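J.: Residue numbers (my numbering), protein chains in the order written: chain A, 1 to 112; chain B, 1 to 111.
Don't read these hints as lab results, they were simulated from the structure.
Among these hints, one or two may not hold up.
Each pair of labels, with its calculated beta carbon distance range [stated by the list, open to error]: (1) B:Thr30 x A:Asp28: 21 to 29 Å; (2) A:Pro105 x B:Thr81: 16 to 24 Å; (3) B:Leu8 x A:Asp59: 34 to 42 Å; (4) B:Pro111 x A:Arg73: 19 to 27 Å.
As the structure is a computational prediction, the values presented were derived from the model and not from experiment.
Don't be surprised by glycine CBs; every beta carbon is placed ideally from N, CA and C.
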Amino acid sequence: DVKVTQSSRYLVKRTGEKVFLECVQDMDHENMFWYRQDPGLGLRLIYFSYDVKMKEKGDIPEGYSVSREKKERFSLILESASTNQTSMYLCASCVDNPYEQYFGPGTRLTVT
Amino acid sequence: GEDVEQSLFLSVREGDSSVINCTYTDSSSTYLYWYKQEPGAGLQLLTYIFSNMDMKQDQRLTVLLNKKDKHLSLRIADTQTGDSAIYFCAERTGNNRKLIWGLGTSLAVNP
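So here's chain A without its partners, still in its complex pose (with noise of 0.2 Å):
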């Protein structure tokens, strides 16, 4: 079974901190993903990283950045969190084909 796990299943950081969201996969994805979910607003693409090292922007990708140093493991960073990205980070893995995104259980961030 494919398994994404998250480093935090909740959170709660202060306006202006510098957090880390971390993700692993175990099945040797080449591809992964950070959303964000919000009421009403659906899944948006925040970033995404088709290999070690590789990026890409999203649909929404200001007040973030990415790290892959490892291919299992991708890192969403927050660089001065803001009250507007209290939300629930979804990070997901996948193979090139068909490209069935597998997801992690979540984390929910609250920024104060």
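Fit chain B to the given chain A structure using the hints.
T.: Relative to the frame of chain A, chain B by itself:
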């Protein structure tokens, strides 16, 4: 532009069949996916269909694809209370690395 649309809510009685619908605009779809999300959890892949197929069946789930009308449906037979969740439809076009997601259909199963 590319878009995937779903109705927001569906309510059914336990034991009935549920049909969740999805329409998409891009005719260059290669794969279409159905995901389930239970409260507070991540998304669980239910099934996917390749664009050259019309139907795929997996136990209680049946996926129908009408390419002419750009319409995808997910039928859940003998719906149970444990099927209550949000169901997302997603589309991959060509070799695009970004999926296009619907906003999700919230399925309520009443005893």
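J.: Look at each hint and say if it fits the structure.
T.: Quick rundown of the hints versus the structure:
Between threonine 30 of chain B and aspartate 28 of chain A the beta carbon distance is about 22 Å. The supplied range of 21 to 29 Å therefore holds. Hint check: proline 105 of chain A to threonine 81 of chain B, Cβ distance near 22 Å, so the stated range 16 to 24 Å holds. Checked against the hint of 34 to 42 Å, the C-beta distance between leucine 8 of chain B and aspartate 59 of chain A comes to roughly 21 Å, which is inconsistent with it. Remark: the range hint 19 to 27 Å for proline 111 of chain B to arginine 73 of chain A is contradicted by a beta-carbon distance near 44 Å.
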